[in-house]
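**Q** What follows is the residue order along each chain.
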Amino acid sequence: MVGLALLAGAPAGAHDSWIDVSDGYPEPGDTLLVYVCSGHYFPKSETAVKDNVVHRLESRVSGYEPVPIRTVSKNTRRTGALVVKTDGVYVLELTLKRPKAKTPAFEARTLVVVNREADDPGEYSRGEGLELFPGSAVSGLKVGDDLPLWLALDGERMAGSLTVTPENGKAAYLKAAPTEPAVLRIRSFGKYLVTARVKGRGCSLVFEVFGSEAP
Amino acid sequence: MRYPLLPVAIIGLVMGWAGSCLGHGAHGTRIEGAAGIEASYHGGGPMAFCDVRVYRPGDAEGAFHTGTTGPLGRFAFVPDTSGTWRVVVDDGMGHVAEIEVAVDAAMTETTLRGDPSNRMDGVIVGVSVIFGLFGLTALVRRRVKKAG
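Chains A and B, in that order, give the protein sequences.
For the record, in the first sequence the residue sitting at position 31 is 31 according to this note's numbering, with numbers rising by one throughout.
For the record, in the second sequence the residue sitting at position 122 is 122 according to this note's numbering, with numbers rising by one throughout.
Calculated directly from the structure, the hints in this document are not laboratory data.
One or more hints might be untrue.
[Claimed, not checked] Selected chain B positions facing chain A (Cβ under 10 angstroms, derived; list incomplete): (1) Y41; (2) G45; (3) D51; (4) D91; (5) H95.
[Claimed, not checked] Over 10 angstroms on every C-beta distance to chain A, these chain B residues come out as not near it, computed from the model: (6) R53; (7) A60; (8) L139; (9) R142.
Glycine included, every Cβ here is placed at the ideal spot set by N, Cα and C.
Extracted from the complex, chain B is given alone in its bound form:
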């Protein structure tokens, strides 16, 4: 065979390209379909750092989710069913805001980007690029040697 390392180089480059395609768009923990609230006092100030309890539609007892508002009094959650959700924000000093959040079916179809299995993509890309470069280097050296 005239260029015995050519297949290695081609396979490596193709795998690298494919790997880079798999890895594209895989980033972090972005969640689509979240519902959110913003709680404020009558005076206009945000209910910052307050306790939050989220109740599923028709469930007045056990909170589906708990947390704390941010500095602007905001809180977001990911519903798992459609209906009217109830969010209770409590500052612990006697101020309580109850907010209803209407959730449609589309909001519950949550897509998580950045699947942990895609972490292997980087490894595949790296190995493939190395194989490809080795193949190309060997190819060039062989041609140079032949020309000499």
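Isolated chain A, as found in the complex:
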């Protein structure tokens, strides 16, 4: 007699991963706390991703070698530190990949601008992997501005659906095309999480709109 297995499936729920920092616009020489977060409700992290899926986490700034960032799991997120030594755009990049998988499961980035006058949108895109990047400088954004957002895979701009979750405000759903970026209307100060999924791969971008509601 052949036995029968009755499978009662409980499929996993999709959620996002992102990199957060203690300050998106630090001064040269500052030490930033770097958080690897995962969950459903930005900016609150619900789960610390495991060691064996953190394939790469590093900081890139023009003119210097990438600096690996070591993080440790603490409660619901992973925490590390980064010293920003020079002016410029620091792009923090995280790749999550299962040990035996061929392609990354998730690629997360965050933008840190040291000295807002040194901000350069040309530094936002690396041209590798699945990435989201703004088409104009984030450091000068004000409430009411429009921010173009591109989605690209290995440097090729592509179509896709973007979800934008501001730290203060409601989520927005945008469409990007290879020749036309998604356009985000900035409605509040604070941090923004942008996410997209393409063929089973996910990516995220975190940037901060400088300022405060109470001048």
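Starting from the structure of chain A, add chain B where the hints point.
**A** Using the frame of chain A, we list chain B on its own:
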């Protein structure tokens, strides 16, 4: 005795036949009675290459078995008791699927085919065939010599 090598030939051929019968169906590591799961994300993609922990019925602590899903998010195991088994698939990025697998008594009666002792079958078959061929050859040569 007219054909003194005839018994050798007959014994050899019989042993060879018997050996080949023993060896038939003895192949590899096929396991009957395995239970399996397939884990996927809500979006539809498989939970590929994810960590798997299998818990026996009523045991929430120590995992009975651990492993990794394949590229299609599948994993199979061999239960040793009936009841509701719990399989936890974790992608390490916050997605966890818990799947219950109902196992009946028949599934635990596992039959392993390809017993290592059957490896001797090949040796027995080989030796028997050699004996048989030698016996037949000697028999034919003796008859030819006699006819000449």
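**Q** Confirm or reject each hint.
**A** Taking the hints in turn, this is what the structure says about them:
1. Evaluation of the Y41 of chain B hint against chain A yields a held restraint, the C-beta minimum of about 5 angstroms falling below 10 angstroms.
2. Restraint check, G45 of chain B versus chain A: the minimum CB separation of about 4 angstroms is within 10 angstroms; hint holds.
3. The beta carbon of D51 of chain B comes within 8 angstroms of a beta carbon in chain A, closer than 10 angstroms, and the hint placing it at the interface holds.
4. Below 10 angstroms, beta-carbon pairs count as interface contacts, and D91 of chain B has one with chain A at about 7 angstroms; its hint therefore holds.
5. Contact between H95 of chain B and chain A, as hinted, is supported at the beta carbon level, the nearest pair being about 4 angstroms apart and thus within 10 angstroms.
6. No Cβ of chain A approaches the Cβ of R53 of chain B within 10 angstroms, the least distance being about 13 angstroms, so the stated non-interface status holds.
7. A cut-off of 10 angstroms between C-beta atoms confirms that A60 of chain B is not in contact with chain A; the least separation is 16 angstroms.
8. The Cβ of L139 of chain B sits about 50 angstroms from the closest Cβ of chain A, beyond the 10 angstroms cut-off, so the non-interface label holds.
9. Interface exclusion of R142 of chain B from chain A stands, the closest Cβ pair being 56 angstroms apart, more than 10 angstroms.
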